[in-house]
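Protein sequence lines correspond, in order, to chains A and B.
Remember, this note's numbering sits 1141 above the position in the first sequence when you count from 1.
Remember, this note's numbering sits 509 above the position in the second sequence when you count from 1.
Derived by calculation from the structure, the hints in this document are not laboratory data.
Just so you know, even glycine gets a beta-carbon here, dropped at the ideal spot from N, CA and C.
Possibly wrong hints are sitting among the right ones.
[What the hints assert, rightly or not] Listed below are the simulated DSS-like cross-link pairs for lysine-lysine, each with C-alpha atoms no more than 30 angstroms apart in a straight line: (1) K1277/A / K563/B; (2) K1247/A / K794/B; (3) K1365/A / K1277/A; (4) K516/B / K610/B; (5) K1409/A / K563/B; (6) K700/B / K1338/A; (7) K572/B / K1308/A; (8) K700/B / K605/B; (9) K1409/A / K1308/A; (10) K794/B / K1243/A; (11) K516/B / K1149/A.
[Stated by the list, open to error] Not the full set, but computed from the structure, chain B residues with beta-carbon under 8 angstroms of chain A: (12) I525; (13) V528; (14) V543; (15) F559; (16) L615; (17) Y616; (18) Y637; (19) P640; (20) N642; (21) S643; (22) L645; (23) V682; (24) T735; (25) A764.
What follows is the residue order along each chain.
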Amino acid sequence: MNVMQKKKLLRLSSVLILLTFIVLSLSFLFPFYYMFVNAFKSTPEYYKSGFKLPEHFNWINFATMISQFRIQINMLNSLFISASSVVLTALLGLVASYVFAKRPFKGSNGLYLAIVFSMFMPSQVTLIPLYFLYSKLNLINTPFAVIICFLAASIPSSIMLMTAYFKGIPNEICEAAIIDGCGFFGIIRNVIYPMGKPAIAVNATFVFLRTWNDFLTPLVLLTKRETQTVVVALSALVSRYQSDPPYQMAGLTIAVIPAIVMYLFFQKYLVEGVNAGSIK
Amino acid sequence: MSERTRKELTISLLGIAPVIVILLIFRAYPLGSVIYNSLTNWDGLFRHDFIGFKNYIKIFHAKYFWLTLGNCFIMFINVPIQILIGLVVSMLLYEKTPGWKFFRSLYYLPQIVSAVIVGYLFAIFFSYGGPVNSVLRAIGAPNLAIEWLGNRPTAIGVVITALVWINIGWQGVLMLGGLSSINPSVFEAAKIDGANFLQRTFLVMLPMIGRVIEYSFIYSVAWTFTGLFPFIYSITNGGPGYDTTTLDFLVYEKAFREDSALGQACALAVILLIIVCILTVIQRKISERANDWSE
């Protein structure tokens, strides 16, 4: 095969790959397209032409969602619960990971393994006793109940990710900081936090998305509409409006948008974070 | 131990104390409680007596339990399918044709959407008046436009399709990470030695990313046992009957929908936990073995 033929073959294979990619992309984009365009339709228009773009963009489904269903309250609940979980997980995880990575003591390795191992406990197992514990303490329908469950569920993987990353920070820098008079929190603030920022950011993104999207825990612990997260409130809405798909689609669109915005900003971290578990 | 090192140790312990306390209250206590309560006739209200293994015996004699467990095993079909498609996607991405980063991000998109929302989208798509059926009618196959979620084989098929759809991107990115960690000179050497594309794939590439495939396989199997709840809840609600109920959905059903069956629900949770533990131990064994290889 001469060089010309080889080049042609190479170009042909790139074109074939590109075509495959585009076909595959359609299968990923179409459901979102369908959800998005139908959110702007009336029910008759949906049944007449579900696949087409709407005749005109009609915001009424979203307006009803806000004025009658008051989805904005659930949105704020979700935001509060996810943000609190992210901040608490980051703070507690940062300190604990620093200890595991840079200040090992007798038994710290066993403790670390025990913490990481608890990651594999499914929430179905812990939720039954916790539900009854919370109802005794009158904590059902409070964001606190969900936040602390999310914290317990997120901290093992957070510690695993951050400890692995912090181990790569050179010991000399920590020692220099000690000579400069830094105490325990001084080292965390001046060395570990600035140098470990990538791991902290990856972890925060993962925890935000996981808690925003989680369903089982808030479903069980939040039974009153005005305390529910947006995903849980939405599931009630979707099952109630079976006969009104555009309204369902508008609800789904509202719940998806924050996650997609988050993804647009942090996708680099997310896509690279996937391999943290398998390669290292 | 000197005064100084003791002080250092105290600070370290205080640093991890909050995490330990939280995990003791919200992981260890519920674990103990579930195991104990699985041996009682707890109904959430009045009865709470020790009855030994009666709950387990009852469960093992119940038809719905074996149907549910069977459903879990059928759902496993999603694992080889998603690994296979993910592998192909990763091999195509590895060629780094123009725009590959964009496609990689696009395929990962379903991962960041809540599983319940994906489930509802699938439920709407495969509903009787939904888009799938209207396409089938439009292309002149109205006989195929059936009640997809109304009977067991097609309903399970829809769930499996959703599971594959949501995970292809994750598999692709994971496998691409595995491929990228192989030194490209290995492929070059195989090429020079005259290995064709298929030989390079099956004799060089697959053995070298075997570790990643194993990791993905065990992880996905464990996920099939514990992560299906939102899909089942939104797509089929476990029905018709128990026809599409999985073990993790059954625990929820028994604990929070049917009152008075909490002891049984706890026993089911323990069974689920045992299955997940076995899978986790296998996973650790495999990753330990993998570490031996790399050193």
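For each hint, the structure was consulted:
1. K1277/A / K563/B: holds (27 angstroms)
2. K1247/A / K794/B: holds (24 angstroms)
3. K1365/A / K1277/A: holds (17 angstroms)
4. K516/B / K610/B: violated (50 angstroms)
5. K1409/A / K563/B: violated (52 angstroms)
6. K700/B / K1338/A: violated (41 angstroms)
7. K572/B / K1308/A: violated (51 angstroms)
8. K700/B / K605/B: holds (18 angstroms)
9. K1409/A / K1308/A: holds (22 angstroms)
10. K794/B / K1243/A: Holds, at about 27 angstroms.
11. K516/B / K1149/A: Distance ~71 angstroms between K516/B and K1149/A Cα, so the pair is violated.
12. I525: holds (4 angstroms)
13. V528: Holds - the Cβ of V528/B comes within 8 angstroms of chain A, reaching about 5 angstroms at its closest.
14. V543: holds (6 angstroms)
15. F559: Status violated, d = 17 angstroms.
16. L615: Status holds, d = 6 angstroms.
17. Y616: holds (6 angstroms)
18. Y637: At 11 angstroms from the nearest chain A Cβ, Y637/B fails the 8 angstroms test, so the hint is violated.
19. P640: holds (6 angstroms)
20. N642: violated (11 angstroms)
21. S643: Since the shortest Cβ distance to chain A is 7 angstroms, the answer is holds.
22. L645: violated (13 angstroms)
23. V682: This hint holds: V682/B lies near chain A, its Cβ roughly 5 angstroms from the closest one there, short of 8 angstroms.
24. T735: holds (4 angstroms)
25. A764: At about 5 angstroms, which falls below the 8 angstroms cut-off, the nearest Cβ of chain A leaves the hint on A764/B intact, so it holds.
Violated hints, in rising order: 4, 5, 6, 7, 11, 15, 18, 20 and 22; the structure is consistent with all others.
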